[in-house]
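Working from the sequences, and respecting the hints, build out all of it.
Position one of the sequence shown corresponds to residue 2 (the working numbering), numbered consecutively onward.
Label pairs and their in silico Cβ distance ranges:
1. D53 x I12: 30 to 40 Å
2. A50 x E13: 11 to 21 Å
3. D53 x F33: 12 to 22 Å
4. D53 x Q10: 31 to 41 Å
5. E51 x E22: 10 to 20 Å
6. A50 x G21: 16 to 26 Å
7. L11 x G36: 20 to 30 Å
8. L11 x D53: 27 to 37 Å
9. E13 x G36: 11 to 21 Å
10. I12 x S47: 12 to 22 Å
11. K24 x A50: 14 to 24 Å
12. D27 x L54: 13 to 23 Å
13. R43 x Q10: 16 to 26 Å
Since the hints were derived computationally from the structure, they do not count as laboratory data. It should be emphasised that the depicted structure is a prediction, and the values quoted were computed from it without experimental measurement. Backbone N, C-alpha and C fix where the C-beta goes; we use that ideal spot for every residue, glycine too.
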Amino acid sequence: MKILKHPNQLIEKCRNPWNGECKRTDIEVYIFYRGRRLPICRDCWSDIAEKDLEW
2 MKILKHPNQL
12 IEKCRNPWNG
22 ECKRTDIEVY
32 IFYRGRRLPI
42 CRDCWSDIAE
52 KDLEW
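Now the structure itself:
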């Protein structure tokens, strides 16, 4: 069992709308997609930045 240093602190997971499988916690940016603010991890942000996506 992993013990957190700050047990009351919530840990956000990546919510990349184009990769629903990612659960990383190293959040790089937030994007607004369909009216919702979504946390995006470093790897997913790198992938998104390389593609021609509109949101």
